[in-house]
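Just need the whole structure built from these sequences, with the hints factored in.
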Amino acid sequence: MSTISFLSQFIHPLVMLGLLGYMLYAAYLGFQVRRTRTADSEIKKDLIKGKYATRHYQTGAIILAVMVAGAFGGLVSTYVGGGEIPAITHLFVGLGMTVLVAFSAALIPLMQKGRLWARQLHLTLNASLLLLFCWQAVTGLQIVQELLAPPIA
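Be aware that the sequence shown starts at 378, since it is given in our numbering, and climbs by one per residue.
Careful, some of the hints might be misleading.
[What the hints assert, rightly or not] With a straight-line Cα cutoff of 35 Å, these simulated DSBU-like cross-link-like pairs (lysine-lysine) come out:
1. K490 <-> K428
2. K490 <-> K421
3. K426 <-> K490
4. K422 <-> K490
Since the hints were derived computationally from the structure, they do not count as laboratory data.
Written out as structure tokens, the structure is:
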């Protein structure tokens with residue numbers, strides 16, 4: 378395997394690890410949006426200045442784009458590096474997470490219309506995504522360790 382091919386296999390894990398951190402930031406913004414929506418008038422005035430809703434919306438759009446591109450990139454780098462795409466749990470959970478992030482984004486128009494159930498489902502999907510992402514980080518690091526292990530003769 379060429380050096381470039383080998384090194385390209387680390388792009389996906391690095392991007393996804395960064396995305397996990399960015400998702401935690403998005404969760405913080407989401408909780409600030411909720412706090413703003415439910416705050417008393419004086420506190421609400423201060424919270425509105427933070428433009429949390431706009432920042433959360435923009436952050437979510439970036440997460441959706443990076444998640445889809447990251448899933449695709451992971452598949453491509455796996456195939457380029459090994460000549461096959463093994464049917465492992467990390468793959469299926471990652472693809473399922475990509476679907477969940479799309480569903481979460483699809484709820485936005487309903488949330489903007491004030492549908493409480495859509496907000497609750499959005500929160501549930503995103504909390505599930507964060508938990509799954511933490512699990513993916515563990516299994517992904519195991520895969521990286523396998524890549525770094527010396528080949529068995």
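Output the numbers, in ascending order, of every earlier hint that fails for this structure. Checked against the structure, no hint fails, so every one of them is satisfied.
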